[in-house]
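Visitor: Chains A, B and C are the protein sequences, given in the same order.
Each step along the first sequence adds one to the number in full-length UniProt numbering, with nothing skipped, and position 588 is 588.
Each step along the second sequence adds one to the number in full-length UniProt numbering, with nothing skipped, and position 83 is 83.
Each step along the third sequence adds one to the number in full-length UniProt numbering, with nothing skipped, and position 137 is 137.
Take the hints with a grain of salt, since some may be wrong.
[Said to hold, decoys possible] Partner residues aside, some chain C positions facing chain A, computed with beta carbon under 8 Å:
no., residue
1, A94
2, I101
3, L102
4, V109
Keep in mind the hints are simulated off the structure, nothing from the lab.
All C-beta atoms in this analysis are idealised placements derived from N, C-alpha and C, irrespective of residue type, glycine included.
Here is how the chains run, residue by residue.
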Amino acid sequence: MNNLVYLIPFFPLLGFLINGLFRKSLNKPLIGIIGSGSILASFVVSLLLFFQVKSNGALPVQPLFSFIDVESFKIAFAFQVDQLSSLFLLIITGIGFLIHLYSTSYMHDEPAEHFGRYFAYLNLFVFSMLLLVLGANYVIMFIGWEGVGLCSYLLIGFWFKNNNYNYAAKKAFVMNRIGDLGFLLAVFWILAKLGTVEYYEVFAQTAKLSNADIFGITILLFIGATGKSAQIPLYTWLPDAMAGPTPVSALIHAATMVTAGIYMIARSNILYTMAPVTQVIIAVIGLATAVFAATIALKQNDIKKVLAYSTVSQLGYMFLGLGVGAYTGAVFHVMTHAFFKALLFLGAGSVIHAMGGEQDIRKMGGLAKKMPQTNWTFLVACFAIAGVPPLSGFFSKDEILAAAFEKNSLLYYIGVAGALMTAFYMFRLYAMTFLGQFRGTHEQEHHLHESPAAMTIPLIVLAILAAVGGLIGIPEAILPNAHKLEAFLEPVFEQSTRYVHEAHTVSHSTELMLMGVVTVIIIGVIVAAWRKFSKYQYSDAEETGLGKVLENKWYVDEIYDAVIVNPLLKLAGFLKNVVEKSGIDGIVNGVGRFVGYSARQLRLLQSGQVGNYILFMVLSLVVLFLVFWNETIISEFLKKIF
Amino acid sequence: MPIQYYIALAACLFCIGIIGVLTRRNAIIIFMCIELMLNATNLLLVAFSKMYHGPAFAADATSTAGIDGQLFVFFIMVVAAAEVSVGLAIIVMMYRNVHSVDINFLNRLKN
Amino acid sequence: MGITTILFWFLSALALLSAIMVLASKNPIHSILWLIAVFFAISGHYILLNAQFLAIVNLIVYAGAIMVLFLFVIMLMNLNSHTEPQKNIWMKLAGVISGGILFTILISVIRSSADMVNRTAQLKEGNIGLINTLGKVLFSDYVIPFEISSVLFLSAMVGAVVIGKKN
Numbered sequence: 001m002n003n004l005v006y007l008i009p010f011f012p013l014l015g016f017l018i019n020g021l022f023r024k025s026l027n028k029p030l031i032g033i034i035g036s037g038s039i040l041a042s043f044v045v046s047l048l049l050f051f052q053v054k055s056n057g058a059l060p061v062q063p064l065f066s067f068i069d070v071e072s073f074k075i076a077f078a079f080q081v082d083q084l085s086s087l088f089l090l091i092i093t094g095i096g097f098l099i100h101l102y103s104t105s106y107m108h109d110e111p112a113e114h115f116g117r118y119f120a121y122l123n124l125f126v127f128s129m130l131l132l133v134l135g136a137n138y139v140i141m142f143i144g145w146e147g148v149g150l151c152s153y154l155l156i157g158f159w160f161k162n163n164n165y166n167y168a169a170k171k172a173f174v175m176n177r178i179g180d181l182g183f184l185l186a187v188f189w190i191l192a193k194l195g196t197v198e199y200y201e202v203f204a205q206t207a208k209l210s211n212a213d214i215f216g217i218t219i220l221l222f223i224g225a226t227g228k229s230a231q232i233p234l235y236t237w238l239p240d241a242m243a244g245p246t247p248v249s250a251l252i253h254a255a256t257m258v259t260a261g262i263y264m265i266a267r268s269n270i271l272y273t274m275a276p277v278t279q280v281i282i283a284v285i286g287l288a289t290a291v292f293a294a295t296i297a298l299k300q301n302d303i304k305k306v307l308a309y310s311t312v313s314q315l316g317y318m319f320l321g322l323g324v325g326a327y328t329g330a331v332f333h334v335m336t337h338a339f340f341k342a343l344l345f346l347g348a349g350s351v352i353h354a355m356g357g358e359q360d361i362r363k364m365g366g367l368a369k370k371m372p373q374t375n376w377t378f379l380v381a382c383f384a385i386a387g388v389p390p391l392s393g394f395f396s397k398d399e400i401l402a403a404a405f406e407k408n409s410l411l412y413y414i415g416v417a418g419a420l421m422t423a424f425y426m427f428r429l430y431a432m433t434f435l436g437q438f439r440g441t442h443e444q445e446h447h448l449h450e451s452p453a454a455m456t457i458p459l460i461v462l463a464i465l466a467a468v469g470g471l472i473g474i475p476e477a478i479l480p481n482a483h484k485l486e487a488f489l490e491p492v493f494e495q496s497t498r499y500v501h502e503a504h505t506v507s508h509s510t511e512l513m514l515m516g517v518v519t520v521i522i523i524g525v526i527v528a529a530w531r532k533f534s535k536y537q538y539s540d541a542e543e544t545g546l547g548k549v550l551e552n553k554w555y556v557d558e559i560y561d562a563v564i565v566n567p568l569l570k571l572a573g574f575l576k577n578v579v580e581k582s583g584i585d586g587i588v589n590g591v592g593r594f595v596g597y598s599a600r601q602l603r604l605l606q607s608g609q610v611g612n613y614i615l616f617m618v619l620s621l622v623v624l625f626l627v628f629w630n631e632t633i634i635s636e637f638l639k640k641i642f
Numbered sequence: 001m002p003i004q005y006y007i008a009l010a011a012c013l014f015c016i017g018i019i020g021v022l023t024r025r026n027a028i029i030i031f032m033c034i035e036l037m038l039n040a041t042n043l044l045l046v047a048f049s050k051m052y053h054g055p056a057f058a059a060d061a062t063s064t065a066g067i068d069g070q071l072f073v074f075f076i077m078v079v080a081a082a083e084v085s086v087g088l089a090i091i092v093m094m095y096r097n098v099h100s101v102d103i104n105f106l107n108r109l110k111n
Numbered sequence: 001m002g003i004t005t006i007l008f009w010f011l012s013a014l015a016l017l018s019a020i021m022v023l024a025s026k027n028p029i030h031s032i033l034w035l036i037a038v039f040f041a042i043s044g045h046y047i048l049l050n051a052q053f054l055a056i057v058n059l060i061v062y063a064g065a066i067m068v069l070f071l072f073v074i075m076l077m078n079l080n081s082h083t084e085p086q087k088n089i090w091m092k093l094a095g096v097i098s099g100g101i102l103f104t105i106l107i108s109v110i111r112s113s114a115d116m117v118n119r120t121a122q123l124k125e126g127n128i129g130l131i132n133t134l135g136k137v138l139f140s141d142y143v144i145p146f147e148i149s150s151v152l153f154l155s156a157m158v159g160a161v162v163i164g165k166k167n
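Just chain A, same shape as in the assembly (with noise of 0.2 Å):
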């Protein structure tokens, strides 16, 4: 029972070769099965071994074979399968597996060719994931990390005729690799200290690591995960990962990729309990990218923009969730989030689908008419991500909110701020996509219709999940005992908890009222966004003061161009024009001409006269024998000859 391991990477591994070697002969229905189906069948096998882990506990690690031996030097492509990891394994696979099913619709009007490509992509992007799930050290994960990043590289650009889209691809790409050499540094750190990558050796020998090697550890592995997660100051390139097509956005933003940062954090949590002043930092950033993506998100009229930034500043609340130790609650985010943010990317495909590749929310309007399960699975999603209560949103973010409040209550307020602006923007989404009048053409009204059922049904599994989601972590304070995850997942914290002895929790009737408040004001917020909306008119306007420099999301890309790129351009352009032309060209082409001008002199020595010829061998016969001047080389050197 326990090789079913193998079979989750591997089914999406053969997926990706058949579509990847035979998309040419391939035809599209064929392609569609075999991606899906491959992801189907790893859903199932994580399904098995979940409930395995569920009643059994983790399971021991399964090494597959050796993947680097040196000496002592010694790391096993193992797997792993605990708490964590078989909770993980579900959210991406069966998420994954509902995105392929909307893909095999969405993508139709694709060639075969470049469908089989795409199926291809996602399954390899799959495979990364889970491997990245699965490995049982850090190499294992950072493998699976970088082909997540290699795969989001490759659908980013996947329509890469575009030059934009693979400026964008690029800059994702850049992006993650200042991430990973942060990981990469924390991977080697940690071999030099430990002289292990295992998990289970390295959380076991923590004692022997000094607060300095911890603090480093834990920061350059947080750097990595600021890469693959998009947090301040890494996260520009998530909204421009928009790109490729919505249904990767949604693999991006809900599945896979951007949840590996959370996913090695909570991996890593002995780590990082044991580094108070990292924890302080990623708390900060967390926070910090949750308000500030949301405050480019109120003003973003792209339907996927905004859904982008709103992915940011709901990983900044898990980021918090992660800074202050509520690593339950992370994980938890994560889950629900994977759920709506799926659903909201999904509906919002269905959108765009609709729109015939319309995306401007200005020019939206009134869909809900034409389009009534896209409406109600979307405004189900975007109650949930707004935390309305019972919705899966509202529990996994009041867990990391009261967390928060427990270590600072500062924190909490800036974190309700954040939640507020996610509810407003949210909710202005969906009131200028949905409600009001249709803004669009002629022709775009006359085509819109409901997406075919291949799209509607993952809606509505994502749309019930979303709704549902929630429950199987209800506060102490609602439910006594009634948080399933919290107990699923104990023994992966285990060590943390066990680390941080004060166990203060804030009183349940205080949570229970702060919850109150902040559910009635979210309400409140949501309709004044909606009444506000629901009557938009299109107007080209052009947004002043804050507003527009929200619309610009901060001019970060243009900071980040000015302070970092053009720097780095000018400094390339320097070395190119200037060190690479005189310099360096100038070397090589000087030792040329040195070495022609000097043959050209030599070659007056090549007279052609035999006499010069053997005086120059009387000369050198001389100097051979200078050279061996001294007597006992002499005479070493003819012993040698004879």
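For chain A, the structure is supplied; the task is to place chains B and C on it using the hints.
Guide: Chains B and C alone, transformed into the frame defined by chain A:
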């Protein structure tokens, strides 16, 4: 007779031969100088042969130690005779073509 | 100073003088005659070293056959001191100097070579130079090189004929 005398004499003859090769342009003279150098080496070989034979002879009068040197001289003479016959043929040929034995005409090695 | 020593010095002086005269004389024919004198001196040395066979062969092959061949060729070409081509003085100087340097170095190397100090060449005695002894070794141990040298001779002969043939 000390062997160093023989070595010095042979070295002297050899160097005279070299100087001759370097200073003359007449192909035949150069050829002769080469013969001179060969003979210097021959003399040295015979002297060495006798040098090695001395102690062996003192121990055993029938010893043939050092005889290789003299046989080498013999072979060198054989080769020299062959070389001279071919070399002179070449010189005659050259003279027939350019009416000179000046080796400066033989500068085809340049190309 | 026995007769052997006197003979040694006399033959050495004769050899060196004749060798220098080979270079010094302008007329090629004189050069050849001086070279024959060198060969005679060297043959004398061979006799001193009791290498009788080589002494005789040296005279017959070198002084006799080869030198006659040279003489014959020179007379055939009608070379004399007027037609002798001369190198320029600097090239001559360079040749003499480099030859001199080589000689100096050779001498100094020989003088500092421990293997050669206090070793003497056996004179008069010893029978390895006798035709009897040489012949036995030549036709037993060295029979293959001997045969090969005969092939060499044959090919040299063929070569000389081919080269010397008109066209």
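Visitor: Evaluate each hint against the coordinates.
Guide: Hint check:
A distance limit of 8 Å between C-beta atoms decides the matter here; for C/A94 the minimum to chain A is near 6 Å, and the interface restraint holds. With its C-beta approaching chain A no nearer than about 5 Å, C/I101 sits inside the 8 Å limit, and its interface hint holds. Proximity of C/L102 to chain A holds as hinted, the smallest CB-CB distance being about 5 Å (cut-off 8 Å). Interface restraint check: C/V109 against chain A, minimum CB-CB distance 6 Å, threshold 8 Å, status holds.
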